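Chains as they are written, first to last, in our numbering: chain V, 40 to 327; chain H, 40 to 327; chain E, 74 to 644; chain X, 74 to 644.
In case anyone wonders, no lab produced these hints; they're calculated from the structure.
If you're wondering where the values come from, they're calculated on a predicted model, not measured in any experiment.
For each residue, glycine too, the CB sits at the ideal point set by N, CA and C.
Worth double-checking, as some hints may not be accurate.
To be verified - Simulated crosslink set (DSS-like; lysine-lysine; CA at most 25 Å straight-line):
#1 Lys525/X - Lys608/E
#2 Lys316/E - Lys315/V
#3 Lys611/X - Lys611/E
#4 Lys47/V - Lys608/E
#5 Lys273/E - Lys316/V
#6 Lys221/H - Lys251/H
#7 Lys611/E - Lys594/X
Said to hold, decoys possible - Derived, one-sided and incomplete: chain H residues facing chain V with beta-carbon distance under 7 Å:
#8 Met40
#9 Ser43
#10 Phe45
#11 Arg147
#12 Gly185
#13 Asp201
#14 Glu271
#15 Val312
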Amino acid sequence: MDTSAFDKQNLDIAWCPGCGNFSILDALKQAVAELGIAPQNLVVACGIGQAPKTPHYFNTNMFNGLHGRALPAATAIKASNPSLTVIAEGGDGDMYGEGGNHFIHTVRRNPDIAHIVHDNMVYGLTKGQASPTSKRGFVTPVQVDGVILEPFNPLAVALALDASFVARAFAGDIPQTVEILKKAILHKGYALVDVFQPCVTYNKVNTFKWFKDNTYYLDETHDPSNRVKAFELAIKTDAYPLGILYVNNSRVPFEEACGAFGEDKRPLFERDVDKKKVAELMERVGKS
Amino acid sequence: MDTSAFDKQNLDIAWCPGCGNFSILDALKQAVAELGIAPQNLVVACGIGQAPKTPHYFNTNMFNGLHGRALPAATAIKASNPSLTVIAEGGDGDMYGEGGNHFIHTVRRNPDIAHIVHDNMVYGLTKGQASPTSKRGFVTPVQVDGVILEPFNPLAVALALDASFVARAFAGDIPQTVEILKKAILHKGYALVDVFQPCVTYNKVNTFKWFKDNTYYLDETHDPSNRVKAFELAIKTDAYPLGILYVNNSRVPFEEACGAFGEDKRPLFERDVDKKKVAELMERVGKS
Amino acid sequence: MNEPSTITIRDDVSIVLAGPAGLGISTIEHLVPRILRKAGYNVYSTSEFMSRIRGGSNSTEIRVSSLKIATYVEKIDILVPLDAAALQHCEKRVSSQTLVLGEAALLDAKLPVVEVPFEKTALAAGGKIYASAVAVGTVCALFGVPAELVTEYVKHFFGAKRPDIAQKNAEAASRGFDLGEALVKRGVVSVELARDASVKDELFLAGSDAIGIGALNAGCDFVSSYPMSPSTGVLTFLAQHRKEFGIIVEQAEDEIAAVNMALGAWYAGSRALVTTSGGGFALMTEGISLSGMLETPLVVHVGQRPGPATGLPTRTEQADLELVLYAGHGEFPRAVFAPGTLAGALEVMHRAFTVADKYQIPAFVLTDQYFLDSYAAMPPHDLSKYAVTKHLVKTEKEYKRYALAENGISPRGIPGHGEGIVCVDSDEHTQEGYISEDLDLRTRMVDKRLGKVSYDPDDVMPPRFVGPDTFRNLVVCWGSNYLAVREALIKLGWKNSAMLHITQVHPFHAMVDVVLTKARKVIVVENNATGQLAKLMKLSLGYTTHEKILKYNGMPFSVEELVERIGKAIA
Amino acid sequence: MNEPSTITIRDDVSIVLAGPAGLGISTIEHLVPRILRKAGYNVYSTSEFMSRIRGGSNSTEIRVSSLKIATYVEKIDILVPLDAAALQHCEKRVSSQTLVLGEAALLDAKLPVVEVPFEKTALAAGGKIYASAVAVGTVCALFGVPAELVTEYVKHFFGAKRPDIAQKNAEAASRGFDLGEALVKRGVVSVELARDASVKDELFLAGSDAIGIGALNAGCDFVSSYPMSPSTGVLTFLAQHRKEFGIIVEQAEDEIAAVNMALGAWYAGSRALVTTSGGGFALMTEGISLSGMLETPLVVHVGQRPGPATGLPTRTEQADLELVLYAGHGEFPRAVFAPGTLAGALEVMHRAFTVADKYQIPAFVLTDQYFLDSYAAMPPHDLSKYAVTKHLVKTEKEYKRYALAENGISPRGIPGHGEGIVCVDSDEHTQEGYISEDLDLRTRMVDKRLGKVSYDPDDVMPPRFVGPDTFRNLVVCWGSNYLAVREALIKLGWKNSAMLHITQVHPFHAMVDVVLTKARKVIVVENNATGQLAKLMKLSLGYTTHEKILKYNGMPFSVEELVERIGKAIA
Ligand SMILES: Cc1ncc(C[n+]2csc(CCOP(=O)(O)OP(=O)(O)O)c2C)c(N)n1
Ligand SMILES: Cc1ncc(C[n+]2csc(CCOP(=O)(O)OP(=O)(O)O)c2C)c(N)n1
Ligand code: SF4
Ligand code: SF4
Ligand SMILES: [Mg+2]
Ligand SMILES: [Mg+2]
């Protein structure tokens, strides 16, 4: 696939050689290219960390906001202009730690965005502290004797909130990741893609090999409409399923339900305030 | 049961007559009285709303902090002095909305606290806006055409994170609520008790009768060690189960795991800094 | 207890209705002012209430006057306490000139009470719940309002619910009316008040309404907020009219989401508003800084209440000026407004949106509980004069979001509108919006951002100067104190004194300095404990305030209090 | 390219090592200063680095001097660039007096380079990865350090990992040493530097270490924080020594949890610290206000970096003074410190904990990336002089947390310690700590809280005055600029000038006013764009700063820059 519309020249990429982020960048570019999305119509909202640097490295609109706060921004961008394709992207610390509250409530709100989380089970940019998804016992400069908290389970939490699309990918497999990302972007509603991403510098436990050895793809026998079954798979810790765990097509996206795009489909910025209407309202309220 | 140790005189209770909060207050007093806890050893940390006023109305140590922030305070109180019995108490908006991130990470951290959430499916104190647990279609002055978000499911989320104790009670049944609260307080580790609480002023949908009609108690056939089964029950919306859905006794409480109470069991405030040790450390670090 | 001798009230009447929350007081509060206005009176109303849904003691003051007033007075001419606690609650404000209406036995009153059997009459009319309608009738009768006007309006008000209930209430009001008329006939009370023909053209609005209307009129089309008293009224107002205007109003999960949604919305071309109070705003601090760095506009309305922390949730204070002035890490420009009147609120909302959009900065509108929850009359106001200009460009292929422009303002593009892509970045960035560690560029970007503060003088709102040009004393205030200070000075006969209301608190309009220079003595009136405006005047202009008149018990200044305290200061 | 003629460096040498992240530069950074110190030299080191884990260009400056210095200089005497980008990165700082060591071909150098085959030698020693050990040897040799000292220390350092690796590195260092010795013998470079016997008694610490040690020494037993550069070093330091001291160190889910945990911990009798940077602190704003209202102590360390928003995460700035001064809605007292030296950090941490505990207020310690990440020598320091007093009482039955005491300070009880119960409340409250809407009590409680600021003079830290008593010009600074300003003034020969380092930035010690009054010209040096201390001086004391020397590109002031800019200002 030709991804040249998304290519950028003279990049000085800040990631470590061998980092899983490179594959996610490639997969994402390929996914949006294959879907025929124009860079002008794509917006990536992201936070702070290694993962959120992704939109700096390809040709797209970008809202690079605060650590942990990409989801509210992404929701509002989509709601302000539903014709845009909106992706929220960040790391596991960003999205599940600092941004945990937005994660759970965005699942509830169900905007039509794809949510890509680079899950390397560590804080990369700040040099290797535990992230919410770090496994028990993971030793870091702060978790000196290893992590004592139960790892955060993004898929299970998304299922608990009846997320409309729940998937997991592995950066080590670009073609399959492309397929999963495409489905997530096409899905109408909130779509979580937790991407297992090796951090070659700070995570010497959950390496490429570890991910390869501890994951498997769901096959056709898996029924993505079965929420309980999906939950059962999501809480497995002997082998982690990859692919689309759950889809609920009955949920209406936020921007459709919010009431602003009934008859008038124009994005908000194209509309002008009707001063007469405001004056009438004032009259009505003030003389009631 | 004699709850007089916890009684307060000349109370001007700010709740509406008929509010479910009265029953929860009664049940809580009874539970701690039956457990023989001394008021001096009980701490209730709470936020802002109608529910968090509870500790103002009985004899207990109280940390009435910010809206949504009781859990981190409760965790630190317990960790600072593990001999205290610590309860975190608040409303559904407080604990699942503003405080949602602390909820999910406190479940992971697993301090030995009981977490009581007065779940009236509405923002009481601020006059009736939707809360995270408000049902779809619930009409309020802000959700003018009814709630469009999927309700937050606290039990399912707690299960997704393998909470060590997950229960639901109903304020309309004080004796059973007392039993559930006692078990939650006795449980070693984080214990969630989501209490269905009628708000007679702002929630005319989920009334006493509604709760009575739409709930049932789990019986002995329920196996509280089965996480998947508990999840299946937690996501039911035709009839809501009451009782203890899930218990995981294998998790070590935070204050035990944090490393500060190995040999020395004294609360932190009783310890003095060893100046010689600090000087040695400085020497070691500065002359390495 | 004995009835007091006849009381004649001239030109300015203060009626106070007091009672526990949830007992129909809000019905009286709503009906009485509107009926009196229909009868041609100048009316103002202001409420003080507890942070509880039922019980306690709340009160509403309804001022009826020959003049156009809109301020809180301490004195009570007519008190209608609905229970014993209510009477006690208002005791300090009751004088020998106060007419207390009610049932003495019920009120457990130590004061003389004019026996008016509200409850008994209500029971006769069909039930205790009609007591409020009875009271409405009684009060209106004292002002010589035609009986039909009262019953018709009551019917109209309840009509929306159920016709039978409407009818019963109208009947109760009618019975109440008779009670009032009897009082007048018996000569217990006589009210001498001029009617005002212009009242019928005026609008009767709460501060919250004005902020909401002002936002809509400024093109606001996206609202993301988390409920918090006293700012929730603005959220509710906008939610109510959401559909009609095709705008989005979303209750966020927390204040952090609210502010980040608003920034996302502005980025995508919307004009977003956040409404909150001090504690909620505190949580937005990082987001404010983000607005500064992204150069993405933002408008935040902060309804102040007493702090710190939860403080007094339903009371009033002006103690968050410094909070909004300095919120956010790092350095970037901002604008801060604080309206003193309803018309001022309409203008300020327009200015906040305009300045935020044009300069790509955060703009703050500071009000307070007193301002938001009070109802006043506003003369007809032409909303069309506030033109909405969206400072947006259609992007070209090589569009650079942070192009280094002469005046620091890079043309703002939005995604999906033009050939280019639009990249905004919270890191220090290149002109294209990408992360950069070029330290020379850093300096230029800081200069660019800070350079924007040299506003076009047209974009800074002048302060409001009132009083004689040849003044010695200058009373300076901001926000909701405007009318109370003015009324106090009028009552004091100005006496070599003038007043300056600083409506745009930051940056100061050049005129602030000009006026301050002329003053021999500067007196600042603020509803806080440390004199935050006084500090800002010292910092920005070097002026030392000679006297600070401060109040911080949760109540607004009353006119009487200001007459006394300003009077002393200018003596 | 030609070799430069002989360079003789006297009394003060600046060696700069530069290269991409992840290429062993941190090894050199660690080893060279420590080996030179073992050899008896005064050493200081400071690093500047990019916000990336691999690649880019970072550099460390190691200053070796006959004097006790601890500041950054711009000049480079000896530059060791590890790749071509590194050389380019440092180009502006290279002069004809700079000795560049390396492989010209590899460096793509336009400048004269003294050929030193680091890489070739490393390959001979067993692989490219030993290049850093080679460089260590070479640099140390230039200073006439005994060869065994170098190889032994290198062995000791790597010993911890694996003995074979340690041996290989020692060998590489030894080969590098030979290269350096050859340079000296060839007369390419000669370093003339006095050794200093007192070095061996001194401690070599980073700013982060000092803050961490200071906290432990002040009885800190609970740390809750969320990682954020440049403050993470303090968190890491305390986590490393957690077990040894039996304290709790918890990484919170976010900064809001961190601050609320800290308040919970203090409430239960612990002495908690939060360490963060501006953006994280911004999120704590509401929690700061809670500390003010609960009168629960709090200590927050804020390591500043350039903002707004994410800004330059690994760079330095002093632009969050106003943020901490005004953080939190409502009005309440606080204390702010900003140490200028390692010893100052130890004292300041003690003062912050003491003042927070005694006055039941939040106390803030402001540092910056430059301060935290630089290593300097500190003379022996007696830690035992900082007595830890826990201002706690055992409660009696009728204990009232907010008993209205004369000086505003109610004895602080904690739960489970005594007969009473301890209730703290974020609402306005009674003396017992219960929610209250008594508006007179409100006023008294505000007065109580604000009244606590009339500190015992012993509890306010005096500023540091240096220079002639008969000065005309006063250079004022705060935080990390202390030593650079002092060195610049020494270099300038003082010339009628003195300096004042304000270590406690709020409230000011009375001496600040006394010294300022004497100055004819006040010059403020700050690492920010708007002069925040200058503003505070104006606001608090009424002083107008005559000249501001500001810098905000992310780098600290160099001594040369200050010599020039202060020189001009005092000319
Ligand atoms: C409010 C705030 N707190 C902390 C930080 C510091 N910070 C930047 S990135 C990061 C974590 C990065 O981890 P993750 O989100 O997992 O991303 P990764 O680098 O692993 O891709 C942190 C703590 C910040 N920028 N802002
Ligand atoms: C930071 C902050 N935001 C908002 C508020 C206002 N507020 C107080 S209570 C409350 C919600 C109450 O709802 P809930 O937690 O469900 O408690 P309930 O009153 O229903 O018991 C809100 C929004 C606040 N106090 N602080
Ligand atoms: S630190 Fe880890 S996540 Fe970051 S770029 Fe390097 S390998 Fe990737
Ligand atoms: S508003 Fe609802 S929750 Fe609050 S006291 Fe009244 S009934 Fe209870
Ligand atoms: Mg990560
Ligand atoms: Mg609730």
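So, going through the hints one by one against the coordinates:
1. Lys525/X - Lys608/E: 20 Å, holds
2. Lys316/E - Lys315/V: 16 Å, holds
3. Lys611/X - Lys611/E: 8 Å, holds
4. Lys47/V - Lys608/E: With a Cα-Cα distance of about 51 Å, the restraint between lysine 47/V and lysine 608/E is violated, given a limit of 25 Å.
5. Lys273/E - Lys316/V: 21 Å, holds
6. Lys221/H - Lys251/H: Roughly 22 Å separates the two Cα atoms, so the pair holds.
7. Lys611/E - Lys594/X: Given that 25 Å is the threshold and the Cα spacing comes to 20 Å, the pair holds.
8. Met40: 35 Å, violated
9. Ser43: With a minimum Cβ separation of about 40 Å from chain V (threshold 7 Å), the hint on serine 43/H is violated.
10. Phe45: Hint violated; phenylalanine 45/H Cβ to chain V Cβ min 33 Å, cut 7 Å.
11. Arg147: 5 Å, holds
12. Gly185: Interface hint status for glycine 185/H: violated (10 Å vs cutoff 7 Å).
13. Asp201: Hint on aspartate 201/H: holds, closest Cβ of chain V at ~6 Å, below 7 Å.
14. Glu271: 5 Å, holds
15. Val312: 20 Å, violated
Comparing the model with each numbered hint stated earlier shows that hints 4, 8, 9, 10, 12, 15 do not hold.
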